[in-house]
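**Q** Read off the chains here:
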Amino acid sequence: MDNMFKPRIIAFCCNWCSYAGADLAGVSRFQYPPNARIIRVMCSGRVEPRFVFRAFEKGADGVIVTGCHIGDCHYISGNKKAEERMKLVRYLIGILGLEEDRFRLEWISASEGQKFAHVMTAFINKIKELGPNPMFGKIEEGTECQQ
Amino acid sequence: MSTEQEQPRIGVSVCHCGTNIGGFLDVPAVAEYVKTLPYVIYSEHNLYTCADDGLTSIKNAIKEHDLNRIIVASCTPRTHAPLFQYTCESAGLNPYLFEFVNIREQCSWVHMKEKEEATLKAKDLIRMGVARANLLEPQTEKRVDVISKALVIGGGVAGMSASLSLADQGFQIYLIEKEEELGGMVRKYYKLTPSNIDALEFIDNMVNKIKIRENIKIYKSSIVKDVRGYIGNFKVTIEGKSNENLEVGTIILATGAQEFKPNGFYEYGQDERIVTTIELENKMRIKELDGVINVIMIQCVGSREERIPYCSRICCMTAIKNAIYLKKEFDISVNILHNEIRVYGDYYEALYRKAQEIGVHFNKFGENDKPKVLKENGTLNVEIFNEGLGRIEKYPADLIVVSTPMVNISDAESLSKMLKVPLGQDRFFFEAHVKLRPLDFATDGIFLCGAAHAPATIPEVITQGYGAASRAAIPLASGYVQVEAITSHVEEAKCRGCGRCVEVCEYKALELAELENGRRVSRTNEVLCKGCGTCVATCCNGAISMMHYTSEQINAMIDAALSEKVGGGIVG
Amino acid sequence: MSAIDDLIDDTGAYDCVECGKCTTVCPVAKLDSNFAPRLIVVKALEGVDGGLAQNKDIWRCTTCAICSNMCPYKVDYTEFIRGLRGEAIIDGFEPICSQGGFMHTIARILSNQLHQDRLNWVTDDLKVAKKGEVYYFSGCQAHLNKIFKEKNVKVIDIARNCIRILNKVGITPAMSNNEVCCGHDLNWIGDEATLKKLMEINIKAIKTAGAKKVLFSCPECMRTFDFDYQGFAGDLDFELVYITDFLMDLVDDGKLEFKDKGKEKVTYHDPCRLGRHLGIYDSPRELIEAAGFELIEMENICENATCCGVNAFVTCEALSKTMQINRLIEAKNTQADKLVTACPKCLIHFSCAVWKEIPVEKEKVDIPIIDLISVVTERI
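Residue numbers (the numbering used here), protein chains in the order written: chain V, 1 to 147; chain L, 1 to 572; chain C, 1 to 380.
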């Protein structure tokens with residue numbers, strides 16, 4: 001089991017909803033794999049695409065941005081702005097050649113401890129399926145031109 | 001105090017939290033690892049960092065080791081940051097030079113069976129905390145004067161209790177009620193237990209107390225139309241008989257709840273012999289029960305199922321109370337069909353027994369065997385599968401009372417948006433913290449009580465009303481509040497004045513100001529700024545920074561999280 | 001000898017006679033009297049400041065090379081700044097970048113040879129091949145297109161129109177899904193190591209395609225191949241051609257003709273990489289005229305052309321916008337119908353300057369900004 005792949009996940013959580021959801025998961029003792037490293041920001045609207053790509057550049061196997069449900073943002077619409085910005089992330093991930101599933105955007109409320117645990121478990125399992133960040137894994141030679 | 005030129009000198013306290021952390025990860029090893037991190041001068045581990053000796057130890061360490069950054073690795077900043085920040089401050093350290101690392105809720109409690117991995121994760125998390133702490137800067141909190149008046153939205157029992165309590169403390173209160181009369185939901189009841197008092201009498205008592213208070217101004221048939229501003233300085237527009245603009249320091253939300261109308265359940269609305277609990281209360285008040293011999297009450301209609309999954313808490317007690325009155329005052333036979341009676345506490349248990357003693361029937365139905373209402377030759381019958389006897393039984397009914405849950409008021413959504421306070425999964429208003437701040441909203445200066453939060457009994461509602469009043473009185477009494485230091489800041493030399501940040505700010509905290517040379521730059525109003533950081537993420541050239549959540553700090557945390565393969569990665 | 005000393009040697013900084021001509025022409029110094037290319041060099045020469053790499057001014061230079069061009073003693077200030085930035089990075093200083101370094105992060109990610117989908121913008125009406133003698137290097141246009149979508153800049157039109165115009169003359173350019181960012185922006189924040197990685201990937205992709213001639217529609221890519229790649233890797237065994245030069249040859253040979261669509265007046269902004277760095281001033285102008293446009297020149301052109309304000313997505317500040325607005329006023333004053341430029345970055349920077357709030361009356365800068373290839377493609 002020594003060589004088992006242990007994904008490194010960066011999770012951005014907003015202070016009011018998803019971070020509180022993560023806390024509730026803890027209070028409720030909902031177990032999930034220990035791969036995520038949470039960075040707390042006040043609002044998902046604070047998360048810039050560049051943070052996501054910096055994480056990938058530095059070796060993250062997956063990045064997840066979480067915020068309040070649409071309509072429930074503590075700052076009214078920060079999550080909508082995050083959603084808008086993260087479209088760019090998805091697009092760029094696609095053309096850069098990082099698998100799109102390595103990035104995820106989720107809305108988790110302060111009362112959804114269970115959802116937090118579920119989302120984390122599912123995301124981490126997905127990353128385990130995908131394997132290591134391709135920048136840090138093996139490089140395959142001679143990929144074909146798409147045209 | 002400036003630490004700009006100072007090298008960071010970091011002290012780290014790792015908490016065992018009894019066995020809450022210590023039982024699931026190797027705290028001494030974590031504390032030992034922390035010593036190897038850059039700028040960490042001092043590291044300790046405590047049984048309870050939040051206990052007196054833990055706090056004293058932090059204070060001593062700051063002095064002994066000349067520390068200029070403190071990290072506590074324990075529970076969640078959402079509950080405990082203020083305590084540790086206060087501790088730092090009392091030792092002369094700016095509270096914003098404190099960094100919290102969550103290794104309980106987000107580590108030990110969620111990885112209880114993976115001690116080794118959880119320990120590695122805790123190390124990673126603290127390393128990230130250290131990386132951020134290096135870049136922390138002292139912040140100063142601004143003081144804002146508080147208008148010592150309060151607004152109470154909702155003139156039911158909760159709102160009236162809160163208003164009375166605040167008025168007794170000498171503050172000017174504006175009490176807004178959307179109906180023509182004060183009293184809220186309780187006004188619709190017949191008699192109340194345990195006092196056996198008439199509900200109207202009970203309400204009138206309260207209303208009379210309110211009326212004689214000179215410092216409570218009542219606005220009936222009025223609603224809140226707009227709320228602007230912030231703690232200490234809310235500007236509220238109310239619409240009613242007269243439209244008025246009020247200025248208040250704090251707001252209490254006591255909008256109550258409403259009975260769920262069970263349209264589509266048991267031909268409710270089509271047969272007038274099928275009524276809700278509140279409709280029954282009214283029938284009892286106006287004595288409109290002639291010819292009724294058998295009443296059947298069906299509990300949990302609409303609740304504890306998919307659409308409204310919660311238990312409405314008060315319906316069982318109300319049904320039992322009404323059954324007793326029906327039996328005693330109207331000599332009507334009552335059969336309560338239920339999926340488990342939920343009464344709690346000495347008094348209500350006793351009431352349940354009393355009902356049984358005087359001959360109220362109770363029959364349990366299964367979750368998947370809901371009672372059926374049959375109309376046969378104009379007669380109503382209710383069929384139920386009796387679990388005890390293992391057979392279907394049929395009861396005749398002259399009146400069927402469906403006990404439906406309380407749901408939030410219809411304009412909850414718009415109030416939620418107007419006040420910037422959230423609704424929970426059950427669509428009731430959602431408090432800042434279930435245990436630690438049950439009467440606060442996360443938004444400063446706005447408080448919560450009564451059935452707007454969840455269905456509750458009258459004593460509970462009154463308690464909450466008093467509680468919310470005392471919470472709301474704190475800023476009113478002190479006359480000022482400290483404003484968040486965490487705001488955005490525009491670097492004028494960098495600002496291109498495109499105005500995009502002004503557009504994205506929901507709080508109108510940014511505006512384009514014209515400099516002497518005619519150049520326009522964006523500026524933050526620190527009191528209006530809520531610190532979300534959306535403007536920062538919007539600015540293409542990094543002219544705006546978010547105090548305490550700077551890009552450099554976030555980058556440093558990302559880098560630190562991934563810098564060592566301590567926690568994750570492929571370990572060979 | 002220290003790295004700074006090497007740099008002084010390599011860039012001829014010893015020859016500086018402190019005449020101050022560089023400062024006189026510097027677009028940053030014109031707007032901020034505290035900034036002076038001369039001072040940066042003099043400080044280095046006199047060893048005033050061991051921590052020259054800490055000097056934030058080295059990130060404020062737009063590297064437009066107008067100073068190097070004007071210097072009577074041919075001191076290469078621009079290269080000097082690039083070198084200093086490299087030293088700053090080695091000393092652990094974070095470069096001051098617009099977009100928070102987003103573009104640079106993307107370029108670094110690209111240096112890892114991932115399975116890209118970089119040609120997803122090549123629509124069915126465009127003919128490209130995997131192999132061929134003529135290779136079209138599209139660089140970062142696909143990314144930039146999405147990133148600057150909000151600012152109404154359609155960067156990808158440049159690339160699409162390049163292919164369109166090549167197809168028109170019967171050329172099916174080779175393109176590779178494996179090519180990556182040229183590394184220009186990283187090079188100019190001092191990250192030579194990643195530049196080299198990108199260079200190897202690109203050279204391999206181009207060789208695999210069997211190209212003998214590589215066409216560029218981005219002056220930065222062309223400059224990077226020409227100077228930096230050849231500087232590191234020696235002479236490349238394929239020819240580097242800027243698209244305007246290539247198209248003008250076709251025009252001269254009668255192979256490319258334009259439809260007459262009336263005498264529209266345009267003015268042309270010289271991108272620094274294309275002009276002062278690569279010395280290509282004529283073919284863009286010739287192409288504009290060949291396409292039937294009337295070219296009206298601005299006041300400052302060719303060697304004296306003013307800068308678009310930002311280079312390599314390094315410092316973007318209030319002053320950059322002033323530079324851009326001033327240039328746009330200059331363009332508008334020509335009374336031309338359009339401002340044409342030949343660099344995707346100039347296009348982005350000028351468009352950004354007039355996005356949302358404009359610091360001057362709108363009429364003063366109200367001129368459509370369009371790239372050269374797109375403007376001439378309208379007439380094929």
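Hints may be right or wrong, so weigh each one.
[What the hints assert, rightly or not] Just the calculated beta-carbon pair ranges, DEER-fashion:
(1) L/Glu564 with C/Lys168: 32 to 40 Å
(2) L/Glu503 with C/Val42: 29 to 37 Å
(3) L/Glu503 with C/Gly254: 49 to 57 Å
(4) L/Asp559 with C/Glu200: 23 to 31 Å
(5) L/Glu6 with C/Val42: 39 to 47 Å
(6) V/Phe5 with C/Glu200: 41 to 49 Å
(7) L/Met112 with C/Lys43: 36 to 44 Å
(8) L/Asp411 with C/Asp366: 32 to 40 Å
(9) C/Lys43 with L/Arg143: 39 to 47 Å
(10) C/Asp10 with V/Phe5: 17 to 25 Å
(11) C/Lys207 with V/Arg29: 33 to 41 Å
(12) L/Tyr39 with V/Phe5: 50 to 58 Å
(13) C/Glu200 with L/Glu6: 38 to 46 Å
(14) C/Val42 with L/Glu552: 58 to 66 Å
[Unchecked claim] Interface residues of chain L toward chain C, partial, derived using beta-carbon atoms under 7 Å:
(15) Asn208
(16) Lys287
(17) Gly291
(18) Arg342
(19) Tyr344
(20) His361
(21) Gly497
(22) Cys498
(23) Gly499
(24) Arg500
(25) Arg523
(26) Cys540
(27) Gly542
Honestly, the hints are just simulated from the structure, not real lab data. Yeah, the Cβ is synthetic: ideal placement off N, Cα and C, and Gly gets one too.
**Q** Failing hints, ascending?
**A** Hints 1, 2, 5, 6, 7, 8, 10, 11, 12, 14, 15, 16, 17, 18, 19, 20, 25 not satisfied by this model.
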